[in-house]
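> Note that the protein sequences, when read in sequence, are chains C and F.
At position 140 of the first sequence the residue is numbered 140 (the working numbering), and the sequence of numbers has no breaks.
At position 21 of the second sequence the residue is numbered 21 (the working numbering), and the sequence of numbers has no breaks.
None of these hints come from the bench; they were simulated from the model.
Cβ coordinates follow ideal geometry from the N, Cα and C atoms, glycine included.
Certain hints may be false.
Here are the simulated distance ranges between beta carbons [to be verified]:
#1 Ser387/C / Ser149/F: 37 to 47 Å
#2 Gly6/F / Leu458/C: 46 to 56 Å
#3 Leu355/C / Ala91/F: 54 to 64 Å
#4 Phe81/F / Asp201/C: 26 to 36 Å
#5 Ala91/F / Gly55/C: 43 to 53 Å
#6 Asp201/C / Ala16/F: 55 to 65 Å
#7 Pro347/C / Ala20/F: 44 to 54 Å
#8 Lys28/F / Leu19/C: 51 to 61 Å
#9 Pro347/C / Val36/F: 33 to 43 Å
#10 Leu122/F / Met253/C: 48 to 58 Å
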Amino acid sequence: MSFDILIKATEALLQPNILIYLLVGVMFGFIIGAIPGFNDTNVLAMLLPFTIYFGATQAVIFMMAVFAGAQAAGPIPAILMNMPGTPSAAACCLDGYALTRKGMAKKALGTSLLGSFYGGMFSALVCVVLGPIIGKYALTFGPAEMFMVALFGLSAVSTLTGKDPLKGLSSAVFGLLIATIGTESVAGYQRAPFGFYELYDGMPLIPVLLGIFGFAELFDMVNEKSIVKSDSAVQAKECSLWDGIKEGMKYKMTMFRSAVIGVIIGIIPGTGAAIGSWIGYGQAKQWSKKPEEYGNGSYEGLISVSTTDNAVTGGALIPTITLGIPGSGTTLVIMTALMINNIQPGPSMFTEYTLDVYMIFLSLIVANIIMFALGTVVFNVFSKTTSVPTTNLIPVIALFSLTGSFAARGMFFDFALTLLFGVIGWLMKKYRYSTSAFLLSLILGTLAENNFIWGLKLEGWLMFARPICLVLALLTIVTLFVPILLKAKKRG
Amino acid sequence: MKIKKGELIIPALMAATTAAYYFQVWAKGLPYSVIVWPIYVTITLLILLALVVVFYIPAEGVSEEKKEAKLFKETFKKPLFLFLTTVLFLAIMPWVGYTVSSFAYLFGVQLYLGSEKKRAFLVALAIAIILHVVMVVLLGLSVPRLETSFFTL
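Okay, chain F solo, but in the shape it has when bound (with noise of 0.2 Å):
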């Protein structure tokens, strides 16, 4: 039987989602009381996720999801280099700091994306320095600093 692959990823997620919730529960062995409202809203959940896996994967209807996945192929690029330079931007930040590490991630997306080197340096430039002064001078939120024997960022 032909199925919708795409179609599987949410009820999936979701599916994962309660298995890991209830391994934490009985790992943690809860009582009953404390999970009584879980319980329920899990069983629904589980009947709903089924009707969805009925209704909504079998094949009809895949020839449309075939053009949506060669759309999505063309189209992923830009959405998964987002993704992951937003890793990296969260990767280095305890290290270099939450104001260096925004300028470099604010400058290389605009280029990335197109944007004009002058022009993307610039907007790079005023945003992290306004975030700076209203995060870090202002309200002096603990966002991750750099730390040089000469300055802190």
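If we strip away everything but chain C, and leave its shape as in the complex, we get (with noise of 0.2 Å):
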């Protein structure tokens, strides 16, 4: 990497076009992110066509500012309605609409703004600085590597189960019995759809998640009269935006930790942010001070999803420029970008667009300094929604939930299906049975049976002998057991 290229591509992109595309795209994909149900993806996938008029260096840029954007503003619902916007944001429900109930809202908001700012910052100077080199790497992953990361994801488990482990663990497995459900992946036969095709691809994950999160919350809120409660009204006046910054420059290790997670995350291909935001949590819990509170209302474990978040963005899009193979459903509507623009991703992709290469990869620095600036006034604005009473806020957040599940497939089923997942979130959180082990579990199931059957099939249980796995193996039980022991120790 010479200096002269970086400058030129610094000149480049401060070009007033180039800075509008990026300010648009910001603004557009805080809008896509807010809104449940809606993906970056889905609606990058549409834009598609007028990449053509766009050229492509600027299509792209002004993709990935839809990427930072909608990855920033997805846990704005989450925080104040426990209605994850994205998927990656549901772990967001956890802390963000606890510190909402005790009138921290504006608070948590600021805290994940500086995440997401900090994640994005993070993972766009590894593109720049350390891109070329690592993307490599993501060539070596293979069945026997992504079961581990699966397994690692998995391992968070331990610390989402809450008070009652036995329930905690019993909602865990549940959850990956209900990811077999659907086509499987070796053969292709149908496991367990219950009769609907619907189900063919198996559980859809959107629907599940504002089933759990926003409609079940639902059946609790009716019997009240404000989200906020009414001890904690006097707080809601007085906090601020600002404040949350400050308290989350206070967990600069978690930030750090989260990122680095987020940007692995995002360059192994098949994974992604909603896998990334679990296992970023599940770490920052394990290794806090204070894990009590995650779940109630913790900014250390808000600012770890929302950094690990958007440090995917960057992650993502190393293999995507560097390899040719795309980190997230997101990244690959990207590189269909260049490639209806002509270009090839791909390793030649360095010499032969250069200039273009690192004007994508700044872009993603200049994007998040833009998402940050805009942040601090449109996140305030969006807080003033805590106000609204519960009487008029229940029916638009209940049809926001349904119709943001409908939005994600376009299937009647799936109003059905918020429904039915709302009430058995409602009896699960009434009866102490973790939802969020149950997510993440759903969420890594899938991934983790489909390459634990691969990878038997491709080398047997040698597997477990390769290199990558062995340290995958080896992260995973330091950190199961390290934070205990350490604590034992403490306790002397």
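Fit chain to chain and form the complex, with the hints in mind.
Printed below as a string of structure tokens:
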């Protein structure tokens, strides 16, 4: 990497027309991210035909801005209404909504914004400095390594089981069973779709998330006058977005760890932010000095999710550009935009389109700066939602949850699924079963099963002897047991 | 032996889902190789559920559960109304269309929860219009629509 090319790329990027693309992209991303059920992948796919008019680099820059904006805005409805805007923001519901109930919505939004900014900037810098080098390692991830990644993620279940470990583990294992519904990956058999063709592709994630978090909460909320608990109303007036940003600054180590996890998860093809955010949350809790606060309104927990969430953006871009292997659904669309414009992503892109590559990488930095500046205004506006009485808010949230679940796949069936999982989520919460552990298993179950079976077919049990596999196994063991040992040592 | 009936709900739900799952597997005659993973998962689940039943269902704390049950009886009307209204909303949507049913749902639930009539009407109208413009006009989602000989909504 030469500095001349970086300077040239920066100059080209700071042209007014490019800055407008970035500004519009971030704003567009905010809107998409804040509407439940809409994801940037689907909307960007709809925009693909227009990229011919934009030009390849401008199109990708615009799309990256949308990606960053959507990831940052996903936590807004999760924090304010317990309704994740994107699947990756689901983990934000746990602490974000708990903080809103305590009257700390603005502060929580500030913390989340800081996390998104940090994660985005960190991953963008990794892209610029190390992108070409670490991209090559994405190729060494076979089924065995992917299975170990899933196992590493599932180790977070141990921190999500709550006060009743037995019930928590049952929820997690039930999630694994539900994840097996649909077309099995080796021979293509249909496994228990309950007679619905809508389940042939497996249990759809968005209706389940919106049901378990969004709709389930409404059944409790109907008996209350406001989202904010009455004894927290005074605090609600006093806290601000900047307080949240200052609060978030206290968790530098958590942000760094979560950003590293986000970048790594982003680099691995076939994973994505939905998986990354849960792993980031689980790891943050494992290493936290106050794990008991997690789930009850922990700023550390919240910032770990939003940091991981946005760090995935840059990570996912690395294999897309350097190897031509998309790290996520959104980067797949971005790669398609390049190909429509006759640019083949891959190692040769660095030699043939050096300036464009660095413009794309650097655009993430500018997009994140714009995202942070805009966020301080937009997030403040959104926080006013908490002052709306529940009598008006409940049917609106219910309708948005239902519509969001429909928008993802356009199937009427998903309306009913959201309602069903709303009731299940409500009952699980009432009887202290862990909805988070259930969701984590549902998200990681397919990844774990498919790669376990493929790995066994390819290499047998020897698959676990591969070097990266062993490192990941060691990491899983370390993250499971070292925090416990450290705490035991402290207690003396 | 006295038992905590409420604690049975989730284990029963999980067990029933598992039973339905294997009934379908059995009915389709899926080969063993396809269900190896689900079988291991199910064995673990059944062991955990058995432990849940042993540790959480017996009599201890029944008086506490009675208190909870009493509280539930006092507060269950509104959640039940929300559930039933949503079912009704989904049932009528194919007939009257997404926009009209959304308006009716928003207006009805707000009124029941105690919102002022005029405010409820305006909120319902505004949200229904916004959703119609975004979902139907801009994004062209194939939501059910009301079709008459004069207009389609």
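> Take the hints in turn and mark each one as holding or not.
Here's how the hints hold up against the structure:
Separated by about 45 Å at the C-beta atoms, Ser387/C and Ser149/F satisfy the suggested range of 37 to 47 Å. Between Gly6/F and Leu458/C the C-beta distance comes to about 47 Å, which sits within the given range of 46 to 56 Å. Between Leu355/C and Ala91/F the C-beta distance comes to about 58 Å, which sits within the given range of 54 to 64 Å. Our hint of 26 to 36 Å for Phe81/F and Asp201/C holds, since their Cβ atoms are close to 34 Å apart.
At roughly 49 Å, the beta carbons of Ala91/F and Gly55/C sit within the given window of 43 to 53 Å. A hinted range of 55 to 65 Å is violated for the C-beta pair Asp201/C and Ala16/F, which are about 23 Å apart. A hinted range of 44 to 54 Å for the beta carbons of Pro347/C and Ala20/F is consistent with their spacing of about 50 Å. One distance hint, 51 to 61 Å for the beta-carbon pair Lys28/F and Leu19/C, holds here, with the actual separation near 57 Å.
The supplied range of 33 to 43 Å is met by Pro347/C and Val36/F, whose beta-carbon atoms lie about 39 Å from each other. In this structure, Leu122/F and Met253/C meet the distance hint of 48 to 58 Å, their C-beta atoms being roughly 49 Å apart.
When the structure is compared with the earlier hints, a violation turns up for hint 6 alone.
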